[in-house]
Amino acid sequence: MRSGLNFAIRLYRHRSLVAAMALRDVQTRYAGTLAGLVWSLVHPLLIVLIYWFVFTKGLKVSTAGNMPFILVFLSGFAPWTAFAESIGASTTSIMSNPHLVKKTRFPTEILPVVCFLSSLMGHAVMLVMLLTAMVVNGQGLGLHNLQFIYFLGAMSLLCIGLGWLVSALNVFCRDVGQAVTVALSMWFWLTPIVWDAKMIEGRWAWLIRLNPMFHIVEGYRRSFLHHSPPWSDWREAAFFWVFVLLVLVVGGVLFRRLKGEFAEVL
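Following this note's numbering, the numbering of the sequence shown begins with -13 at its first residue and continues without gaps.
Think of the hints as simulated: they come from the structure by calculation, not from any bench. Think of the CB as a built atom: it goes at the ideal place given N, C-alpha and C, for glycine as much as any other residue. Please note that the accuracy of each hint is not assured.
To be verified - For lysine-lysine, the following PhoX-like pairs were computed, each having C-alpha atoms within a straight-line distance of at most 25 Å:
| hint | residue 1 | residue 2 |
| --- | --- | --- |
| 1 | K88 | K245 |
| 2 | K184 | K46 |
| 3 | K245 | K89 |
| 4 | K184 | K43 |
Said to hold, decoys possible - Listed next, with one range per pair, are the computed distances between beta-carbon atoms:
| hint | residue 1 | residue 2 | range |
| --- | --- | --- | --- |
| 5 | Q13 | W217 | 34 to 42 Å |
| 6 | L31 | E247 | 39 to 47 Å |
| 7 | W190 | F39 | 26 to 34 Å |
| 8 | A249 | S218 | 44 to 52 Å |
| 9 | R(-1) | L240 | 22 to 30 Å |
Start from the sequences, fold in the hints, and give me the full structure.
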């Protein structure tokens, strides 16, 4: 608890640095391209259109309650893209910033936070696409949609904890980066993004709820599509928070113990 409070204090003190680094990361990503930030709109739009075409026209996937597939998909894909981008960037965040890590006074623990904030650019694009699709499909908008902020905050803690863990390990074992890429690919298909969670019933239904991203994805759908409160499944929420706290503790302790050796390895 004390370590978490100290981190929150340091994060607040360095809030300007965190914001500046996140903004620079987004700008650097599209620097030198003719279209610039337009690519941040075109790329996710093309991906969504491909998934929509394959699963509705090709595989003819049906959804529960005859909800349009595009809405079900976008409400799950929006948080997933932010999560995957954040974890992927966090994995190499220390390796990519040796000039900063070697500075004795630089707070290296903020790097996963910077990665998460950078991922919010793509997340915002996805949310705009989701809201547009909702209006087109006659899905009403309201204040209840704002409860997605709770799930976004919950996901941020998951990303920071996992970010500490994988970024620290990747410094000493470069195979971690490859393992994370494979794990994220598998994780995507194990999360009900392009398939309906209700497809798995009976004795195996509890298994998919052990996936922490299940809580986030279904939470976004409750916020935008089903209009049910975040606590509608308290067991699911309880497991998620136990998992997140465990990841934060393990990731934080490991990062703190290894950070003194980062500069030597780099």
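Checklist entry - Which earlier hints turn out false for this structure, listed by number in ascending order? => result Failing hints: none at all.
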